[in-house]
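Whole structure, please, built from the sequences with the hints as guidance.
Protein chains in written order, with numbering that gives the first Met the number 0: chain X, 0 to 103; chain Y, 0 to 163; chain P, 0 to 269.
Since the hints were derived computationally from the structure, they do not count as laboratory data. Idealized CB from N, CA, C, for every residue including glycine.
Quick look at which bits of chain Y chain P covers, simulated, 3 or more residues with Cβ under 8 Å:
{"#": "1", "segment": "47 to 57"}
{"#": "2", "segment": "60 to 69"}
{"#": "3", "segment": "87 to 95"}
{"#": "4", "segment": "99 to 110"}
A short, non-exhaustive set of chain Y residues, derived as facing chain X with CB atoms under 8 Å:
{"#": "5", "residue": "Leu130"}
{"#": "6", "residue": "Ile132"}
{"#": "7", "residue": "Thr134"}
Here are the chains, one letter per residue:
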Amino acid sequence: MILTNVETVPGKRIAEHFGVVSGSTVRAKHVGRDIMASFKNIIGGELKGYTELLNDSRKQATDRMMEQARQLGANAILNVRFATSSVAQGASELFVYGTAVRVE
Amino acid sequence: MAQPSGSNRGKEAHMEQLITFVVLIAIGYFAGTAAESRHYRSIRERERQFLNLPAVTARNFLDDREEVAGTMLVYGNVVVSLDYFKRILAGLRNIFGGEVKSYLTLIDRARREAVLRAKKMAGNADIILNLRIETSSIGQNANRKNAVGSIEVLAYGTAVTLKK
Amino acid sequence: MKYTPKELQDDVTISNASPLKEFFVLLGGLLGILLVVYVALGFAVELVVSRLSPEYEEFLGGFFANRYDQGEKSEQERRLQQLLDDLAGKKGKDGRRYRVHVVQHPNVNAAALPGGHILIFDALISEVESENELSFVLAHELGHFANRDHLRGFGRGLVLLVLSTAVFGQDSSISGFFLNSLQNVEVQFSQRQEKKADLRAVDLLQRKYGHVSGATDFLEDISKMDKKGRVAYFFATHPYPRDRITAIEEYIVSQQYVQKEKTALDPLFR
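Now the structure itself:
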């Protein structure tokens, strides 16, 4: 599965498209991590726990999007966009969407 | 404390609170679940109806030989809120961490509904280009700790009608 | 561009797992953890309470005393203080003087606060019919001081509050729910304390008057006043009044205390 965030898949011809595919996940950090992060907020710097968590979640959301594309018979997803929102405090929502296509 | 006749009133208030809590959860669970499956049925049905109106995230997605009859900015929005049961479930998940599934279905429904509304606005267009989906939290609970407020999802894009 | 309309067969995002099961698993886990922490902190409070020096308690009591010590003592308060001093001795066993304050409050109740302060709500005074009955109420509070229940109650209440705030943040509906559940556990604990304080009060009555008449009067009043079922009392901090009366009567028999003429109530309290 090829993922791009431009209009085309460079070097390939788009044979057909299947419309929008998307994947999302909402993840919450456990209380322990929240507490650690609040300590870290004092000295600043990277919150490794959160980086990891968001990365994992984003990967899960992407996997779900690719699974949808596979079901439709696509082999590439164009113009992929990531969106992160914290709709519920303490929980992050990762959303990814793009256009499923079959390239040759 | 020598005796309670008064302080019992406090205890009974707690009892009432507990009962209210359980009742709200039960109502939330049954009503919420029923509403959700009804909504999903309706979403699937309408998605089938609109199957011939694709939306894509790309901008230049038309072949050169296709002639455009008209374009229009289309959008659809929807505001949804969690039922009581799911709200409590999300609150519990916030303590243990992990995927907040109860919340996921809500956003998923909202997104699909918003896209469907945008497609409905597009009418008999042939394609929606550069579809964008935005999510934001609104309502008084939006910024309170552990509280899940209402969410607005907005889907918008450019509907293009081709000359046949 | 060629478009091939296709329908998604199954939804990968949406799982079919029962949310109800998830709910109960999480709830159970949370209750378990909280209970363990609560019991552990309860032990810690117990340890601190038994070692807390009277000086420090006096210091804690200062916060309350400032609120109630203001202004001239009323006639009623002076008379109550006399009664209390008779019961406890001018200086208590631990060399501390207990002080009584009358508070305007519609509840028929009294309270023991750190630093040896006893609050009597004025609604209670209008209910009592003999001096012995009033003495029993005071003696019951003295019983709480003897068992150091007043500190324990505060300590455990504080633990509960801190715990729930730490986990849920202030003022969320789950926090309310767990506070209630834990309070119900707490209630069982405090019911034992009440019974213990009752028996201690009976001893003090016997010492002051030479008999124990009027010991159960107050509880009788209460049980007439509230016609609630036993179920409600399971959740109350105080045992069902009838149970307490029975416990007191059994104790009186076992100690061979006698009943005599009750002392009339000072007209001041009318």
